[in-house]
Amino acid sequence: MASVTYENVYKRFGDMVAVDNLNIHVDDKEFLVLVGPSGCGKTTALRLLAGLEEISSGAIKIADRVVNDVAPKDRDIAMVFQSYALYPHLSIYDNMAFGLKLRKTPKEEIKRRVTEAAEVLGIQDLLTRKPRQLSGGQRQRVAVGRAIVREPKVFLFDEPLSNLDAKLRVQMRAEISKLHQRLQTTFIYVTHDQTEAMTMATRIAVINKGKLQQIDTPQNLYDHPGNLFVAGFIGSPAMNFFPGKLRKDNGRLVVDAGDFVVPIPEKKAGPYKAHADKNITFGIRPENIHDENFVPLNIDVEKVAVKVDVTELMGNEIFLYLISGKNTFVARVDPRSSLRVGQQAHVMFDMDNFHIFDAETEETIR
Amino acid sequence: MATTSMQLSREKRKAVFRKVSLPYLYLLPAFAVMGVITFYPLIYQVIISFTDFQTKDLLLQLASPELKKVGVQNYVDIITGGLPVQNFEFFRVLIYNIWWALTNVMVHVPAGVLIAVLLNTQGLWGKRIYRAIFVLPVVVPPIVVGTVWKNIFDEQYGAMNQFLTLLVHLFGQIDPVRIRWLQEYSPPIPWLLPNGPLTLAYYAMMIANFWLGWPFMTLVATGALQSIPKDLYEAASIDGASGAQQFWNITVPLLRPVMIPAAVYGFTLSFNLFNFVYFMSGGGPARSTEILVTFAFDLIRNLRLYGVAAAFSVIIFFVALVVFLITNRITRATESYTEA
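These protein sequences, in sequence, are chains P and D. For any residue, its number in my numbering is found by taking its place in the first sequence, counting from 1, and adding 100. For any residue, its number in my numbering is found by taking its place in the second sequence, counting from 1, and adding 1.
Keep in mind the hints are simulated off the structure, nothing from the lab. A hint or two may mislead.
[Claimed, not checked] With the Cβ distance kept under 7 Å, some of the chain D side facing chain P (calculated, not the full set):
hint: 1; residue: Pro143
hint: 2; residue: Ala225
hint: 3; residue: Ile229
hint: 4; residue: Asp232
hint: 5; residue: Leu233
hint: 6; residue: Glu235
hint: 7; residue: Ala236
hint: 8; residue: Asp240
hint: 9; residue: Thr252
hint: 10; residue: Pro254
[To be verified] Distance condition first, Cα-Cα at most 20 Å in a straight line; then the derived SDA-like pairs of lysine to any residue:
hint: 11; chain 1: P; residue 1: Lys173; chain 2: D; residue 2: Ala245
hint: 12; chain 1: P; residue 1: Lys201; chain 2: D; residue 2: Glu235
hint: 13; chain 1: P; residue 1: Lys204; chain 2: D; residue 2: Gly241
hint: 14; chain 1: P; residue 1: Lys173; chain 2: D; residue 2: Ser238
hint: 15; chain 1: P; residue 1: Lys230; chain 2: D; residue 2: Thr252
hint: 16; chain 1: P; residue 1: Lys173; chain 2: D; residue 2: Gln247
hint: 17; chain 1: P; residue 1: Lys230; chain 2: D; residue 2: Pro230
hint: 18; chain 1: P; residue 1: Lys230; chain 2: D; residue 2: Val253
hint: 19; chain 1: P; residue 1: Lys201; chain 2: D; residue 2: Val253
hint: 20; chain 1: D; residue 1: Lys231; chain 2: P; residue 2: Ser183
hint: 21; chain 1: P; residue 1: Lys207; chain 2: D; residue 2: Gly241
hint: 22; chain 1: P; residue 1: Lys173; chain 2: D; residue 2: Glu235
hint: 23; chain 1: P; residue 1: Lys204; chain 2: D; residue 2: Ser238
hint: 24; chain 1: P; residue 1: Lys211; chain 2: D; residue 2: Gly241
hint: 25; chain 1: P; residue 1: Lys230; chain 2: D; residue 2: Pro254
hint: 26; chain 1: P; residue 1: Lys253; chain 2: D; residue 2: Glu235
hint: 27; chain 1: P; residue 1: Lys201; chain 2: D; residue 2: Pro258
hint: 28; chain 1: D; residue 1: Lys231; chain 2: P; residue 2: Glu154
hint: 29; chain 1: D; residue 1: Lys231; chain 2: P; residue 2: Gly139
hint: 30; chain 1: P; residue 1: Lys253; chain 2: D; residue 2: Ser238
hint: 31; chain 1: P; residue 1: Lys173; chain 2: D; residue 2: Gly241
hint: 32; chain 1: D; residue 1: Lys231; chain 2: P; residue 2: Leu146
hint: 33; chain 1: D; residue 1: Lys231; chain 2: P; residue 2: Ala171
hint: 34; chain 1: D; residue 1: Lys231; chain 2: D; residue 2: Asn121
hint: 35; chain 1: P; residue 1: Lys204; chain 2: D; residue 2: Gln247
hint: 36; chain 1: P; residue 1: Lys201; chain 2: D; residue 2: Ala245
hint: 37; chain 1: D; residue 1: Lys231; chain 2: P; residue 2: Lys253
hint: 38; chain 1: P; residue 1: Lys201; chain 2: D; residue 2: Gln247
hint: 39; chain 1: P; residue 1: Lys230; chain 2: D; residue 2: Trp249
hint: 40; chain 1: P; residue 1: Lys201; chain 2: D; residue 2: Ser243
Here a beta-carbon is modelled for each residue, glycine too, at the ideal position from N, C-alpha and C.
Next comes chain P alone, as it looks inside the complex:
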């Protein structure tokens, strides 16, 4: 039960800057997910908090106590590793009890906590087994159990689900969320999977190249990405980007993407007026591109001519891979759509939901 703060944290490995001026404040009982592509520094950030790496400069606080020089064991944290890191020579019970034994917890107390955690995770029957006799999912539970019994102030998860198969991953995702609600403790969770981040987090911190890109609730990140990287990283399939220009056309502001021109509705044009005649990147999510025959009511749409390259039927929707001049992009359309491969057609861009980024700074213009 504690807040966590990164203050101007740097971590350098030789010339390489792994964590670049990180500033994050995590509230007590929050579920923060650090997400980013591999090698972006998110795991390093977590390891700094765990005390497995020393920070180069800055400060890390747990419950308002600076822990820069505090040994991992005295930080009152527990960590679940990607590899689970179960002690292969110890039984599951002893694996979970290890930390408590080292802390000279009374035997009955150890037994009570281990049995309780095992019940929560549904691994009561496995306590006498060795890790190698367990499946991946079971080992994962044990790794979580080992963290729970310690009753730490902060739980750290380092890509705990990446070694599981897809189905199990979905199931464990829900269980970890449930665990967070049950334990009411601060969770800090590292993943490269934006779906995991979206589904579990109370807030997400998107990191790229060691820098914090944006930190916000999942919905806000999705709806209002702060820059091009966040916009492209959050959401699946990813947002479509079109390099282009903002220009004035007959007094109306339009996006000129070369192969198509779409006017910006007057009610949304406000922030863009100052950027007329500038190079921009126009972004629109696949679900905001519609088959012209199945356009939702009451939205502003603009027609764009396309050629259908590939169709992927998902059952409840269809992914269309479209070509417009030199741009290729994806649309997520109504399953009743009759568009077929090779067909020339029109799609409708929802002009109530688009994003425009400065081509130079890659920041969102708003």
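Chain D: place on chain P using the hints.
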């Protein structure tokens, strides 16, 4: 119809025969070579162990008219001490032999592991150089090692006594140290192995064989250490384990499945360490450091008792078999912890 089916079955039988016999055909060359160099001498040795085979029979071998069958007399003589050999009691030598092998391993394994752990320290400079150096004793022939260390422990001009002389000079002693490392018979710690004298030569050889033995154990332990995932230490450090606790709770148990077979191997190696023992002490003084294999060799080299030596070798074979069965059990009992 009948003929075709019979032909068919003959064809089929041929195919089956070819299929079954082919592997044996491949094995034949190996078996032929092994038969000549392994099985033939083995059987021959068992046969002459029941005779009084001596120098006189060397020319005609088993066809020699003077060769007498003596039944199990050779075996009885060896075990009851009926041989015309001084200072030889079979069970004393056997127990010394086991003691020698056991104490060597008990020193080599912990020392090897300790050195490996120290060399595995993060940020240690010149790791590769140390690792190259400590392979040296492994590749130097034991004969050379035995001879060099014999000279080191020489009473008059050996490096050990000279070094000790230098040392006692620092404390004002004038007389040079003249310890008779390889000749002194009275044991320095009489109670250590009650049934036989553990002479100074034993300790000298322990020191020399330590030089010979630890690098192998370090080599094995280094490899094993590097296969222990770093995660485990990190998890343990978060769980609250100090460096020493990590060593005892992770390093030691995870090295065990590798080090026990290595220890077993080291035991059998020391148990039969013929060239080293033969060249360093020659089994002396008064056969106090004699091991079974050096004694067997002595039976032929000095006493020319081929029949007795053959019987002795058969006994060594059975001793080795027992040692092998026990160690094999120990090895199999230590399952590997590798995750499936």
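Quiz item: Are Ile229/D and chain P close enough, Cβ to Cβ, to be under 7 Å, as the hint says?
Solution: Violated - the Cβ of Ile229/D stays beyond 7 Å from chain P, reaching only about 9 Å at its closest.
Quiz prompt | 20 Å limit on alpha-carbon distance, applied to hinted pair Lys201/P and Glu235/D | solution = With Cα atoms ~17 Å apart, Lys201/P and Glu235/D stay inside 20 Å; holds.
Quiz item: Taking 20 Å as the top limit, are the C-alpha atoms of Lys253/P and Ser238/D close enough?
Solution: Status holds; Cα separation ~16 Å.
Practice problem: Below or equal to 20 Å on CA atoms is what counts here, so check Lys231/D against Lys253/P. | Solution: 24 Å, violated
Quiz item: Does the structure keep Lys231/D and Asn121/D at a Cα separation of 20 Å or less?
Solution: OK: Lys231/D and Asn121/D at ~12 Å, within 20 Å.
Quiz item: Within 20 Å, alpha carbon to alpha carbon, are Lys231/D and Glu154/P?
Solution: 16 Å, holds
Exercise. Measure nothing beyond the straight line between the CA atoms of Lys231/D and Gly139/P; if it is 20 Å or shorter, mark the hint as holding.
Key: Roughly 19 Å between the alpha carbons, so the hint for Lys231/D and Gly139/P holds.
Quiz item: Does the CB of Asp232/D sit less than 7 Å away from some CB of chain P?
Solution: Cβ of Asp232/D sits 4 Å from chain P, so the hint holds.
Self-check item: When the least beta-carbon distance from Ala236/D to chain P is tested against 7 Å, hint result
Solution: Holds, about 4 Å.
Quiz item: Quick one, are Lys201/P and Val253/D close enough, alpha carbons at most 20 Å?
Solution: 18 Å, holds
Practice problem: Against chain P, run the beta carbon of Pro254/D and see if the smallest gap drops under 7 Å. | Solution: 4 Å, holds
Self-check item: Restraint status (C-alpha distance of Lys201/P to Gln247/D at most 20 Å)
Solution: Distance ~13 Å between Lys201/P and Gln247/D Cα, so the pair holds.
Hint check: violations occur at hints 1, 2, 3, 9, 27 and 37; the rest are consistent with the structure.
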